Amino acid sequence: MKNWIRTSVAAAAVATAFTATTAWAGKDLDAIKARGQLICGVGPSSAGFYLLGGDGKWSGIDVDVCRAIAAAILGDSEKVKYVPASAQQRFQQVQSGEVDILSRTTTWTLTRDTALGLDFGHITYYDGQGFMVPKKLGVKSAKELGGATVCVQPGTTTELNLADYFRANNMQFKSVVIENRDEVEQAFYSGRCDVYTNDASGLASSRTTRAPKPDDYVILPELISKEPLAPAFRHGDNQFGDIVRWAVYAMLEAEEYGITAANVDKMKAENTNPVIKRILGTTPGMGKALGLDDDWAYRIIKQVGNYGESFERNMGDKSALKLPRGLNRLWTQGGLQYAPPIR
Amino acid sequence: MALMTAATATAPRVPPWNDPVLRGWAFQVLVVGLFGLLVLFLVQNTLDNLERQKIASGFDFMDKEAGFEIGDTIIEYSAASSYGRAILVGIVNTLRVAVLGIVLATILGALVGIGRLSSNWLLAKICEVYVEAFRNVPLLLWLLLIAKFIRESLPGPRAVADKGLFDAIFLTNRGLYVPVPLDHPAWAWMGLAALVAIGIGWAVRRWARARQDATGQQFPVFLTFAGLIVGLPFVVWLLGGAPVGLSVPKLAGFNFAGGSVLQPEFVALLVGLTLYTSAFVAEIVRSGILAVHRGQTEAAMAIGLSRGQVMRLVLLPQALRVIVPPMTSQYLNITKNSSLAIAIGYPDLVASINVTINQTGQAIEGILIIMVAYLSVSLSISLFMNWYNKRIALVER
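As you go down the protein sequences, you meet chains A and B in turn.
Going by the numbering used here, the first residue of the first sequence is number 8, and it counts up by one from there.
Going by the numbering used here, the first residue of the second sequence is number 4, and it counts up by one from there.
Since the hints were derived computationally from the structure, they do not count as laboratory data.
One thing to keep in mind: the hints can contain errors.
Computed cross-link-like contacts, SDA-like style, restricted to lysine to any residue with a CA-CA straight-line distance of at most 20 angstroms [claimed, not checked]: (1) K220/A <-> G145/A; (2) K57/B <-> L45/B; (3) K253/B <-> G154/A; (4) K284/A <-> Q310/A; (5) K151/B <-> Y264/A; (6) K143/A <-> L157/B; (7) K142/A <-> E155/B; (8) K309/A <-> A327/A; (9) K143/A <-> L254/B; (10) K57/B <-> N245/A; (11) K143/A <-> P158/B; (12) K143/A <-> K220/A; (13) K40/A <-> K284/A; (14) K233/A <-> N245/A; (15) K57/B <-> G243/A; (16) K275/A <-> K295/A; (17) K181/A <-> L117/A; (18) K67/B <-> A122/A; (19) K181/A <-> V181/B; (20) K86/A <-> D302/A; (21) K67/B <-> T121/A; (22) K253/B <-> K151/B; (23) K220/A <-> E155/B; (24) K181/A <-> I77/B; (25) K57/B <-> L117/A; (26) K67/B <-> L45/B; (27) K181/A <-> G74/B; (28) K67/B <-> K295/A; (29) K275/A <-> Y264/A; (30) K142/A <-> P158/B; (31) K57/B <-> T121/A; (32) K143/A <-> G159/B; (33) K181/A <-> E79/B; (34) K40/A <-> E105/A.
Keep in mind it's a predicted model, so treat the numbers as computed, not measured.
Working from the sequences, and respecting the hints, build out all of it.
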């Protein structure tokens, strides 16, 4: 037990050396097909993004991305194996081939896209980093946080933005850095820190699900960073990369054209709009271009739903979080979500 | 003579593949060569794969700006420092908790070990329960328990702002705040004076021994030493103008400012390591003392030595020979177990490297650094303990 951390890390490194060859060279997609299962790295738990329910099923919008990809490639959104990926070890897990795709609130940055040997799919959630404080401190703005003790998870862009923000504003702070998300939040709610910082959606989710009394905490108005959250996968297999991107685009296009899980069969049978016919494969060709069959998008919508449905079910009014859609509305409704046309 | 000539005469007739010496060498060279090839293959394969996957490699990242803060450091560090510096902070933090842990665990363990041998039933039983409780529960659980206890049970800084001991010492869930003397050149000189006192004390001890060997006259070495170590720095303090300025912790905004703070994560790790390891140390000390035959004590008392002298001159020198070798393992365990810091948020070496690996993606380099660092620390401890063991080992005449 004494050096289990180091041993496991070392083992991962050696595994990298051995497995990298097999995972390489455009073989990711073939490996997934041969295995009949998509291996998806998700976090321990963050309501709205990935949460293991009492029935043993994962839910959340990051989970829905994996389900959509599995539906497209393997025909069944349930053919996904979920592997816990910690904030610190997640990138090695992708690099070494332990997981096919990392769909766990991962911020897309230049370093990660390049030096880490990864590629990113479409941004599934536009987030920003915020601060949460106990109401009784009477803090109204992040600019008043000089001298505070801040709870933060290591190995995240959050940790770097935090240091940047305080440096830029000439303020001091003390960090309390704990890897396990449950532990770090418990430390905050027990008063070890004045401030808890994370992505704004994560703060809201934590306040709803973990705070002893949600009303005792406020999320400060400032968002100090851009956090484009996107699925990440190994650099190299472009065909798999295309499918990851277009699976998400299909969900966005479906919402834009009003196709839902409930009406997709009717649409497929009756609708004459050429755009919808292309999406649902009534007009063939799109699936072949991706290396899939023509029902790929139909299956995604039927089994997972469109982006809007996924959002409402996991984060919006049909969930406990009740987050506003904000930047994640479709471009037609004033948001940033915009998918290239399926044609 | 005849035999010898026969032997020398037959020797050249053995073919090389039947010569045990040559054959031995050949196999050793072969094994080493194969092992070298395997290592070369692994290294080359890893480098190739990193290159093909476009993952950066090399140690260039050490000079780049780290960009993250470390909450508990005794050397200068900020987010603008380099990754190399962040790793150094981690090493210093690991050493800090390991060295203090070793000292405290040794003292506490020795006391408990001697306590278990006490003729006082209650004391012996308490010590026994202590040992069994601490060595039979995983250290990680103790750490989490202690960390949680500190966080959950102690009040926040605002709640105790006017309830400090002497208005200067504050115990909060942010740590223990104590006043510290303001910077003054006299402090450095006092440290020097203490070193000089130790030097003089050592010389006095040598002289007193030589005199006792020659004349039988004893000299109060301990009292002299105590007087020197207290007196000399005190005189320097007076000469330095007797500075009395204190930096007292005071609530400013969210936290106390000024003074010095012992952070909960550090305390939790130190206390956890000390309690856990001292249980093992206690057993080692007990076994060491029990290993010395009872006749030794009786004989020493028979020639009129006092209880203290029996312990110091007869029992301990013999017990130490049994105690020191297993102690080395315990010291190594403390050092390595300190990597459990990551579970409770103390920024040790592993924590620093993990963040570095995560930001730069250079896992292999990071793990190499961790391994080299722990190996150097552990080997240093081993070397020192082996030297000490040799010094006190039984010299057979």
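Do the hints match the structure? See the list:
Using a Cα cut-off of 20 angstroms, the hinted pair K220/A and G145/A holds, with the two alpha carbons roughly 17 angstroms apart. For the suggested pair K57/B and L45/B, the alpha carbons sit about 18 angstroms apart, so the restraint of at most 20 angstroms is met. Between K253/B and G154/A the alpha-carbon distance is near 13 angstroms, which keeps this suggested pair within the 20 angstroms criterion. This hinted pair checks out: K284/A and Q310/A have alpha carbons roughly 18 angstroms apart, not beyond 20 angstroms.
About 52 angstroms separates the Cα atoms of K151/B and Y264/A, which puts this hinted pair outside 20 angstroms; it is violated. Among the hinted pairs, K143/A with L157/B is consistent with the structure: their alpha-carbon atoms are about 18 angstroms apart, no more than 20 angstroms. Distance check on the hinted pair: K142/A and E155/B sit about 19 angstroms apart at the alpha-carbon level, within 20 angstroms; holds. Distance hint between K309/A and A327/A is unfulfilled; the C-alpha atoms sit about 24 angstroms from each other, more than 20 angstroms.
The hinted pair formed by K143/A and L254/B meets the criterion: a straight-line CA distance of about 17 angstroms does not exceed 20 angstroms. Our distance criterion of 20 angstroms between C-alpha atoms is met by K57/B and N245/A, whose separation comes to about 15 angstroms. About 15 angstroms separates the Cα atoms of K143/A and P158/B, which keeps this hinted pair within 20 angstroms; it holds. For the given pair, K143/A sits about 13 angstroms from K220/A by alpha-carbon distance, which is consistent with the 20 angstroms threshold.
Restraint check for K40/A and K284/A: not satisfied, since their Cα atoms lie roughly 27 angstroms apart, outside the 20 angstroms limit. Of the supplied pair hints, the one linking K233/A and N245/A is violated, its CA atoms being roughly 27 angstroms apart against a limit of 20 angstroms. Restraint check for K57/B and G243/A: the C-alpha separation of about 9 angstroms stays at or below 20 angstroms, so the hint holds. Of the pairs offered as hints, the one joining K275/A and K295/A holds, with about 18 angstroms between alpha carbons and a cut-off of 20 angstroms not exceeded.
Under the criterion of a C-alpha separation no larger than 20 angstroms, the hint pairing K181/A with L117/A is inconsistent with the structure, at around 28 angstroms. Straight-line distance between C-alpha atoms of K67/B and A122/A comes to about 14 angstroms, which keeps the hinted pair within the 20 angstroms bound. Proximity of K181/A to V181/B is assessed by CA-CA distance (about 18 angstroms); at most 20 angstroms being required, the pair is judged to hold. In summary, the hint linking K86/A to D302/A is supported, as the alpha carbons are separated by about 17 angstroms, within the 20 angstroms threshold.
The suggested pairing of K67/B with T121/A holds, with an alpha-carbon distance near 16 angstroms, which does not exceed 20 angstroms. For the hint linking K253/B to K151/B, the alpha-carbon distance of about 25 angstroms lies beyond 20 angstroms, and the restraint is violated. In summary, the hint linking K220/A to E155/B is supported, as the alpha carbons are separated by about 16 angstroms, within the 20 angstroms threshold. For the hint pairing K181/A with I77/B, the CA-to-CA distance comes to about 14 angstroms; that is within 20 angstroms, so the pair holds.
Restraint check for K57/B and L117/A: satisfied, since their Cα atoms lie roughly 13 angstroms apart, inside the 20 angstroms limit. For the given pair, K67/B sits about 28 angstroms from L45/B by alpha-carbon distance, which is inconsistent with the 20 angstroms threshold. Taking the CA atoms of K181/A and G74/B, the gap is about 5 angstroms. The hint holds against a cut of 20 angstroms. Restraint check for K67/B and K295/A: not satisfied, since their Cα atoms lie roughly 46 angstroms apart, outside the 20 angstroms limit.
Taking the CA atoms of K275/A and Y264/A, the gap is about 13 angstroms. The hint holds against a cut of 20 angstroms. A threshold of 20 angstroms between alpha carbons decides the hint, and for K142/A with P158/B the separation of about 17 angstroms falls inside it, so the pair holds. With a CA separation close to 7 angstroms, the supplied pair K57/B and T121/A stays within the 20 angstroms bound. At roughly 12 angstroms between alpha-carbon atoms, K143/A and G159/B fall within 20 angstroms of each other, so this suggested pair holds.
Annotation: proposed proximity of K181/A to E79/B holds, straight-line Cα distance about 14 angstroms (limit 20 angstroms). For the suggested pair K40/A and E105/A, the alpha carbons sit about 16 angstroms apart, so the restraint of at most 20 angstroms is met.
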